[in-house]
Structures are given as C-alpha cells and as structure tokens.
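Place chain B on chain A using the hints.
Below are the chains, spelled out letter by letter.
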Amino acid sequence: MRKLLYILQKEFTQVFRDKAMLPIIFIVPVMQLLVLSYTATFEIKQVRLVVVDHDHTPESRALITKFSGSSFYKVTDQVEQYDRAADLIKRGKADQFIVIEPQFARNLVIEQNANIQVITDAINGSAASLMSAYAISIIGDYNREIIVGMTPLAGQALPISVQPSFWYNPELNYITYMVPGILVLLVTIIGLFLGSMNLVKEKEIGTIEQINVTPIKKYQFIAGKLIPFWVIANVDLAIGLLLAFFVFNIPVIGSVGLLFGVASIYLVAILSIGLVISTLANTMQQAMFISWFFLVIFILMSGLFTPIESMPHWAQILDYANPVAYFIKINRMIMLKGSGWSDIQSEVVILAGYAVLLFTFSIWRYRKTV
Amino acid sequence: MNNRKKIIGVSHLVKKFGNFTANDDLNFEVFKGEIFGFLGANGAGKTTAIKILCGLSSPTSGTVMVAGWDVGKFPDRVKERIGYMSQRFSLYNDLTVKENFRFYGGIYGLSASAIKERTAYFLKKLEMEQTRDVVLSKIPLGWKQKLAFSVAIMHDPQVVFLDEPTGGVDPITRRQFWELIYETAHQGTTVFVTTHYMDEAEYCERVSIMAEGRIVALGTPAQMKENYNARTMNEVFVKIAR
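So the sequences go chain by chain: A and B. Reminder that position 128 of the first sequence reads as 1047 in this note's numbering, one-by-one numbering, no gaps. Reminder that position 155 of the second sequence reads as 1271 in this note's numbering, one-by-one numbering, no gaps.
Don't take every hint at face value.
Stated by the list, open to error - Once the Cα atoms are required to be at most 30 Å apart in a straight line, the calculated BS3-like pairs of lysine-lysine come out as:
1) B/K1148 with A/K1136
2) B/K1240 with A/K922
3) B/K1260 with A/K922
4) A/K1287 with B/K1232
5) B/K1232 with A/K938
6) A/K922 with A/K1122
7) A/K1122 with B/K1254
8) A/K1120 with B/K1254
9) A/K1137 with A/K922
10) B/K1214 with A/K1287
11) B/K1214 with B/K1240
12) B/K1121 with B/K1148
13) A/K922 with B/K1214
14) B/K1121 with A/K1287
15) A/K1137 with B/K1232
16) A/K922 with A/K1136
17) A/K1136 with B/K1132
18) B/K1189 with A/K1287
19) B/K1132 with A/K1120
20) A/K1287 with B/K1148
21) A/K1287 with B/K1132
22) B/K1241 with A/K922
23) A/K922 with A/K938
24) A/K1122 with B/K1232
25) B/K1132 with A/K1137
26) A/K938 with A/K1122
27) A/K1248 with A/K964
28) A/K922 with B/K1232
The set of hints was computed from the structure by calculation and includes no laboratory data.
Extracted from the complex, chain A is given alone in its bound form (with noise of 0.2 Å):
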C-alpha cells in the first residue's frame, strides 16, 4: 500500500510537470463538448431549394412561397428549365428542386389533380429522407389549404386529431440528447488514451526496466498507471456536467452521485483496455493506432450519433461487447429522465464484470520479464 502511494506521488508529479499534458487533459476536453455538442445534429436547416415553375400562376406561386416562408428552406434558384435544374444539384449548388408543371393551376381547379415533382440529392440518405419529408410536409399542407378554401368545411371534418407530446425532452433539441453521449466520448477518449500511452512510454523510453528489476508487485504498477487517469477522467466528467449545466441548460435529473459511481466503474473498464493494449504494444505509435482502432468502432456503434436499434442484428450483438454504449445509454437515461439505481442496475453490473476482467487481464498482461 505504501508502495503505491509513491508510485501516484510519482505519476501525478509527471501529469502535473509536463506543460503539454495539461491543456490536452482539460481543455480538449471542454472543447469537444463545446463544439461537438452544437455541431453533431442530424437537424437540416436551410435546405437550397431550387424550383422549376413551368405555370407562373398564383396557385404556383402561392406554392413556392409557402417553401419560401418554412424556416428549413431556402428558395436558392428559381429556373425554366428541368436540365438547368438538375446541373445544379449535380455541381452542388442546391440540395432540392421541385417542378411544377405547366397547367398546374387549372388542373387543381378543372381537373382536382395536379402533380408536383420532387427530386432530391440522396448522397446522404439520411439527410435525403428529411429533406424529402420536409417537401411533402409543405405540399401536404397547402393541399390541405386548398381543399379547405374549395370547400370550407372539411377542415374541421378531418376525425382524428393527433396532439403529440415529447417527453424528457418537450423542445426536440437536439443538443440536449447529444450532451449526454458527448460527455462519455470526452471521457472515453482521455481515459483510453491516457491509459494506453503511459505505460508504454515508458517502455519507449527504457525506464520500465528498472522498474522491472525492483520487487514491485505486477498489481501495485498498474493499478498506480490507472488510479491517476481515473481521478483525472473523473474530474473532466464533473467539469462536463457543470458546463452541461452552464452553457446548455442541461442539469442531471437522477443522481449524481449515481451517475460518477457508474463512471468510476467505467473508467476502470476504458482505463483497463488502455493498459491491455499498453502491455501489448511496443511503441507509443502502435498503441495510438491500437486505441484508435477500438475507439472509433466503440464509438461509431455506441449509440451516439445513430441509434443501435437501427443497426443490423448482428451488429446490435456485438454491441453487447461495447462499454460505451452502455455508458451512453445508462448516462441519458441518468442525466435526461431521471434514473435510478433499479433502471440502470443490468447495464451497471455489464460493466462491473468488464472492469473487474479488463483489470486483471491486463495486470496478467503486464510482463516484468521480457
């Protein structure tokens, strides 16, 4: 025990002295959350509409300016010709076009059947299907207008009436379901990465030889390789929350307690693969190109940026091998609706056996002899 308080003396004495190790422990951090929370929204503003208006009537008219008016358009170019059109979505210059054909307003009223074409970029599928359900929800409602001018009382003939109400988070924003996740990324990367290089650097550098001839025990070096990164990774979530707090109106509805307690046990996990591939690795350039291997899998199908019940079956099991997207889910489910223990309590004891097995394999790992 008392061997391992001069090993943490001697490893916070190093975090602390290297002038190049602090900004990267606490200010890459808070940036992250602060740029990553406003900018990974799948929410399309401003999509640059172009329209292609064979008609020139009111009712065409009256149609653009409802796209016009929507605060997810932008009417960018209005063209006469399809091909013109179609040259800007292929140079990039428009997301959409719509084409209105000519007649279009005597067939509304003669024939009660117009048609509208609506063609959109579809590079970015997901992006594709918003921005075409933006589309026919406008065209949706001035068809509805339409029928109510024609005949006024349908409008309040329409039989089911459908008042949606949005829990946990009544305004939809989107920020406030990212913070969560992006507080366990800020962690997840500081912890792996802190953990993985560590060790290793000092293998870089030689000094784990002398280390190796003393009589320290293989439990005594690593838990004093992890113990720091732990409080530090900690102290980054605890400066995460207050900016959550702060900056994004987000306060912790559960337990905060609870929710560093969940932490803590996660960051033995991360911490513990940091240190596996440590062991593992002969250089700091291999054990950077191991963590990243595992973060960006971790982090890709954690849940963050798309749902996990949307992806594939088998990978939804291999997710079950993801200490991220336990710690993602178990952290909304903390932070945004309020938790608690029994809520949680499956995920929690997930990660316990993770952090207990990670542990131990990497203090088996760790080799006193070469």
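Same frame as chain A, but now just chain B:
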C-alpha cells in the same frame, strides 16, 4: 576466496531464443564484496546473462542462485536484494534528483526517514547537493550515471549489476565512477560489471570473458595476462575474442 560468502552461483545456465543459443552452459560463482568483470564482444551474450541474473528473463535450463534465492523460482525475492543499472539511462528525466531517490526508495520499501537520510548521504558523497531539486534532463550525462548508480544501491543490495555503466562518459567521471564502485565493494556489496573498456577490466578482482555464448576465460586479470602471454587486458581480450 572460498571462505567468502557466495552471492551468485550459476550452474549450467542455457538460454535459447529459437535455434539461437545466447548462453551456452555458463558456470561461475561470485563472492561477497567482489568486483566481478563480465566481458565479451558485442553479441557475446553478456546482456542476456545479466538479464537472467536480475530476473528480467528466465533461463531455458540450469540454475541461477542470486543472494541466496533461485532467480527462476523466486524472482521477487532476488529483486529485493539486488540493484541494477541498465545500459540505457533509466531514471526519470522529468523528475528531480530528490524525486527519483524518493520513488525508488519507496518502491524498495525504505521508510520516509531512511529515504531522506540515504538521499542526503549520496548527494553529499557525490557533491551534488545543489542539484537536489533540478530535473534530471538538465544534468550532464556523467553526473546522471553516478546518480543512477547511487539509486541502484540506495536500498543496500547484496549485489549490484552494472551493464556498461560508463559508456559515453568522460575519463575523469569514469575514474570517479570507479572510485564509487570500489567504495561500494569495500562496504560489502558485490559489484557485477560489464564493460568494453579494458582499462576498467584491470580494476576488477576477477573477470570472465564471453565469446559466442560461452565463458572462454575466467580468472584474475593477472592470471589471464600470464595465461595468454599478454601485457594488458586489452591484448588478452583481442586474443580471445578474435
């Protein structure tokens, strides 16, 4: 010689890496307070052997007893009783002199007061008191080597292993370093040293010379010079290692 306590006993030590035999049936003994020179050309297998003696590597076969314990079976028992200074400088360059002493003292289980006392003792002996709070990266190499040696013997080990301790060090510092070695041996600590400087070999009580994984000569420098009909250890070395 035989009435002195045996500190290192190596019998039939073999170390193989695949098909390559780095140490081929080594047999030797080293005694308390002795300065034992472990010589050989690059690649002769010295570093492999020294790593086995320190418990950093395990032998393929044979027994290695160090400080009364079998290294293969009880590496940590051995590690408590030995000091080691590697070829590469391996103290922490980003810690101060005092912090390096404190860390290694702590790991070897010295009490806080013992750490203070030993640190003060070494700094005074090396006349380096003014560098106490200087980070190691700002200290010249020769001084650092003397510090590394002091840290290696801080916990009063029975034997200290020095793997080319004076590589890249100026002649004056080299002489001072050997004065430290003499003093340490005189106080009863065995010094096991590898070197490429043959003038240093002359300072050893006994030397062994390795070639291609075997010990080809072992004895006092005087015996060796006589056996090989040479005036200096340098000549002996060239005759054997060729």
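Can you list which hints this structure breaks, lowest number first? none
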